[in-house]
Amino acid sequence: MRKIILATTLALIATPAFATGKVKCDVAEADMKPRAELEAQLVGDGWKVKKSKVDGGCYEVYGTLPTGENVEAYFDPATFEKLYVAQRGKVLFKKGE
Amino acid sequence: MLSEYLNRPLFFWFVLTLPGVAMLYSYATGVSDAMDMLHPTGETSARLLIIALMITPLLQLTRGAKWMRWLQDRRRYIGVAAFLYGLAHLVFYVIDMGTLQAIASEIPLPGIWTGWIALLLMVPLAMTSTDAAMRALKRGWKRLQRLAYPAVVLTLAHWIIIHNGLTAALVHVLPLALLELYRLIRFLRKAPQHA
Numbered sequence: 060m061r062k063i064i065l066a067t068t069l070a071l072i073a074t075p076a077f078a079t080g081k082v083k084c085d086v087a088e089a090d091m092k093p094r095a096e097l098e099a100q101l102v103g104d105g106w107k108v109k110k111s112k113v114d115g116g117c118y119e120v121y122g123t124l125p126t127g128e129n130v131e132a133y134f135d136p137a138t139f140e141k142l143y144v145a146q147r148g149k150v151l152f153k154k155g156e
Numbered sequence: 471m472l473s474e475y476l477n478r479p480l481f482f483w484f485v486l487t488l489p490g491v492a493m494l495y496s497y498a499t500g501v502s503d504a505m506d507m508l509h510p511t512g513e514t515s516a517r518l519l520i521i522a523l524m525i526t527p528l529l530q531l532t533r534g535a536k537w538m539r540w541l542q543d544r545r546r547y548i549g550v551a552a553f554l555y556g557l558a559h560l561v562f563y564v565i566d567m568g569t570l571q572a573i574a575s576e577i578p579l580p581g582i583w584t585g586w587i588a589l590l591l592m593v594p595l596a597m598t599s600t601d602a603a604m605r606a607l608k609r610g611w612k613r614l615q616r617l618a619y620p621a622v623v624l625t626l627a628h629w630i631i632i633h634n635g636l637t638a639a640l641v642h643v644l645p646l647a648l649l650e651l652y653r654l655i656r657f658l659r660k661a662p663q664h665a
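From first to last, the protein sequence lines are chains Y and W. Counting from 60, one number per residue, gives the positions in the first sequence under my numbering. Counting from 471, one number per residue, gives the positions in the second sequence under my numbering.
Just so you know, the hints here were simulated from the structure itself, not pulled from any lab data. Using N, Cα and C, we set each Cβ at its ideal position, and we do this for glycine too. Check the hints yourself; a few may be wrong.
Okay, the calculated beta carbon distance ranges per label pair [stated by the list, open to error]:
1) Asp85/Y x Leu472/W: 50 to 58 Å
2) Lys141/Y x Arg653/W: 42 to 50 Å
3) Lys153/Y x Ala535/W: 42 to 50 Å
4) Lys612/W x Ile63/Y: 28 to 36 Å
5) Asp601/W x Lys83/Y: 50 to 58 Å
6) Lys612/W x Asp85/Y: 48 to 56 Å
7) Leu617/W x Lys112/Y: 31 to 39 Å
8) Ile63/Y x Thr526/W: 14 to 22 Å
9) Leu570/W x Glu88/Y: 37 to 45 Å
10) Thr487/W x Gly103/Y: 40 to 48 Å
Construct all of the structure, not just a fragment, from the sequences and the given hints.
So this is what it looks like as structure tokens:
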């Protein structure tokens, strides 16, 4: 019993962290529009963009909404459709909800 | 000879600061900005807090193995390091947010106030980590140090809510949870004998 618990504990400690994708996008690379274009569009809409990257196939943008909230937001890389917006884990927008 | 050096608190502190040195180097050279620093500082703080809390149940499980007692002697350094990484986490959050107004506006968010309270709970723990404080507080010291448990629970909540996902946080906390469960079962089994 003790050995099982000890072994399980050690195995769990060794488990590497997983990548967490809140949203998944499945877009062919050829169909992806440049990320800079999305950033420019958002800035035009009044956002402040801190940085962006690709996460789960989507474009993920860190920035500030025109209303002042610091958010992470996911967009479709082909259409720039907004998929998910969250402020410190509080979901402000999710497509289809 | 060598083991004498390795057993010194200074060496243990050196090991505890290594991840921080790597993080600060990355920040100083511009590879990481303040926002990038949030994850490594927070995760290191949480890991150290979890490790500190795992020591007692692991001591029971290993029946006081020598290497566990070695670690137990250094538990307070692990705890203080957890607090200092937590403090660094806050400093980079403040830098990233930029204004007090922006910081204040996020306090009502569950993902944020859980982090604030977890860190605040660690302040008295870090401040009473000296031998003098331990002597002065006598039995109260141990009671006070139990604040580490609500601190780790709030840290877990902070982690889960901020990421809006369970995986990363649970992977880290599960070993501790399992050990606490073992401790509880052990306690419940023993209890009737003492009655």
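Now for the hints, and whether the structure bears them out:
{"no.": "1", "hint": "Asp85/Y x Leu472/W: 50 to 58 Å", "in the structure": "55 Å, holds"}
{"no.": "2", "hint": "Lys141/Y x Arg653/W: 42 to 50 Å", "in the structure": "47 Å, holds"}
{"no.": "3", "hint": "Lys153/Y x Ala535/W: 42 to 50 Å", "in the structure": "49 Å, holds"}
{"no.": "4", "hint": "Lys612/W x Ile63/Y: 28 to 36 Å", "in the structure": "30 Å, holds"}
{"no.": "5", "hint": "Asp601/W x Lys83/Y: 50 to 58 Å", "in the structure": "54 Å, holds"}
{"no.": "6", "hint": "Lys612/W x Asp85/Y: 48 to 56 Å", "in the structure": "55 Å, holds"}
{"no.": "7", "hint": "Leu617/W x Lys112/Y: 31 to 39 Å", "in the structure": "38 Å, holds"}
{"no.": "8", "hint": "Ile63/Y x Thr526/W: 14 to 22 Å", "in the structure": "19 Å, holds"}
{"no.": "9", "hint": "Leu570/W x Glu88/Y: 37 to 45 Å", "in the structure": "43 Å, holds"}
{"no.": "10", "hint": "Thr487/W x Gly103/Y: 40 to 48 Å", "in the structure": "45 Å, holds"}
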